[in-house]
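Undergrad: These are the residues of each chain, in order.
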Amino acid sequence: MAATPWESDLTKELKERFGDQILECSTYLGQDFVVSTPDAAIPILEFLKLEADYDYLVDLTAVDYPKRPERFDVVYILYSFARNHRMRVKCAVADGAKPATAVTVHSTANWLEREVFDMFGIQFAGHPDMRRILLPEEWEGFPLRKEYGLIQQDDRWVRENLNIESGQ
Amino acid sequence: MSEATFLDTTELVLNMGPQHPSTHGVLRVILKLDGETVRGTECIIGYLHRGVEKIAENRTYVMFNPYVDRMDYVAAVSNGLGYCLAIEKLLNVEAPPRAQAARVILTELNRIASHLLWLGTHALDIGAITPVFYCFREREEVLKIFENYCGARLTTHAFRIGGLVYELYDGFEEQCRAFCDMFIPKVDEYEELLTNNRIWVSRLKGIGILNEQDCKDYGVTGPVLRAAGVKWDLRKAQPYSGYEQYDFDIPTAQNGDTFDRYTVRMEEMRQSVRIIRQAVDKLPAGPIMGKVGKVVKPATGEAYVSIEAPKGELGYFVVSDNSTQPYRVRVRPPSFVNLQALDVMVRGGLIADVVAIIGTLDIVLGEVDR
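Taken in order, these protein sequences are the chains called A and B.
Just so you know, the first sequence maps onto residues 21 to 188 in the numbering used here.
Just so you know, the second sequence maps onto residues -5 to 364 in the numbering used here.
In case anyone wonders, no lab produced these hints; they're calculated from the structure.
Ideal placement from N, C-alpha and C gives every residue a C-beta, glycine not left out.
Derived lysine to aspartate or glutamate pairs resembling EDC-like cross-links, with alpha carbons at most 20 Å apart:
1) Lys69(A) / Glu206(B)
2) Lys225(B) / Asp75(A)
3) Lys288(B) / Glu161(B)
4) Lys48(B) / Glu167(A)
5) Lys69(A) / Asp208(B)
6) Lys166(A) / Glu47(B)
7) Lys69(A) / Asp211(B)
8) Lys48(B) / Glu160(A)
9) Lys87(A) / Glu51(B)
10) Lys87(A) / Asp315(B)
Listed next, the stretches of chain B that the computed footprint assigns to chain A, with coverage defined by at least 3 CB atoms under 8 Å from CB atoms of chain A:
11) 40 to 49
12) 77 to 89
13) 202 to 215
The task is simple: from the sequences and hints, build the whole structure.
TA: Right, dumping it as structure tokens:
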């Protein structure tokens, strides 16, 4: 089963307003999602929040596809209490590009974006506190990138801070 | 030249945790204090980070199943349910009715166990010693049911992708019914100890208020959201595993303070008993495993599935690339997201209330850090 096009009043409105910045509106397994250009992602979130009641940012995460030129997918999962509907907004981001922060629209994005930075190294432009959240601040490497090994670690950090040769 | 007196106060930075009994694990909170008033906080988390999402990418779908139990370890059954539902969604299969009903019973029992642990430790933080013994006494009965069913008490690995692996044991229904009959008077007993207790009320009323707007801004879900007056529960809003067949209410409250969150959770335990009774009575016969092959290999695609865990919305965003290992598993933990609202709740309050507010958020650090 492949993704099928998603058509509704909302997608019509989105396409009218954002034009060719909306790359795809699809449904897979009954779940709706929109693919947009990275620049349009935050205006879309804002539009969805203010004019379509998608007022709850459920989750914000990323997926790494190292073989693609824009290697990361940044995924925003949204929910509307009024419509009881969930949708996703996705955009592809190149390594080193700095997508705009969603904190200006949803306060939840603060920690969620910090976690994405911590794990993937995607910096969000305009984020009030762009630091690592789960790993120590001096840690080197971004564990959820595909090239990072399962038992790889920052040996220098482990040596200096834990006084052991290896945590393995 | 002004002379310093004892009345002058300057901002004091105080470290709470990571080794502090009332932070419920390894949470470190940096408090900025003006006298006893909290002016700001910063949470330092990650002490329990094990890279669960990374491990998922290096295990098969089936092998990763037991790992999810180690996130919210006091509600392991709920974690397993969310994961199994997410993979079943990708495979486009559903568990058979008997498995669904058994899942509901075990998940609701786990909700009670999780709320009991919250109640006991929350009361202990505030200074009431007795409830924790009572709560653990009843929680033990739930854990005995888990132990009889799958041999494990805490990290149960009770469910498999597609249904259940073990048939329910002889006497399961009777044991569940006996637990329900025994438990309702016990909830009344806890309420007798606490609800009208003057110390309890004055420590909780009006403390740590989180209103509806803040809840939505910070993505806070679960009992915390319901205590702010939002009648929203995923079991009703987007039913899964056959929850639409059961008759139960969503308890809510109005003020969004610590006391309201207490009353909401107490009522939720009663509602869970209602669900368990109905599910045990209507437990259908039939197979317990759906049509899932020995090798789990979903088609390329992605899905987000979430359930109402005891602490809020627990979601799994799984990306499949048509291999036996997930390409990416993202866990949306309720505790992590809820903890972010701590700063809003404690600002302007007293330092003694920080303990009460951390307790009322009901966080599990295993899930915050993953």
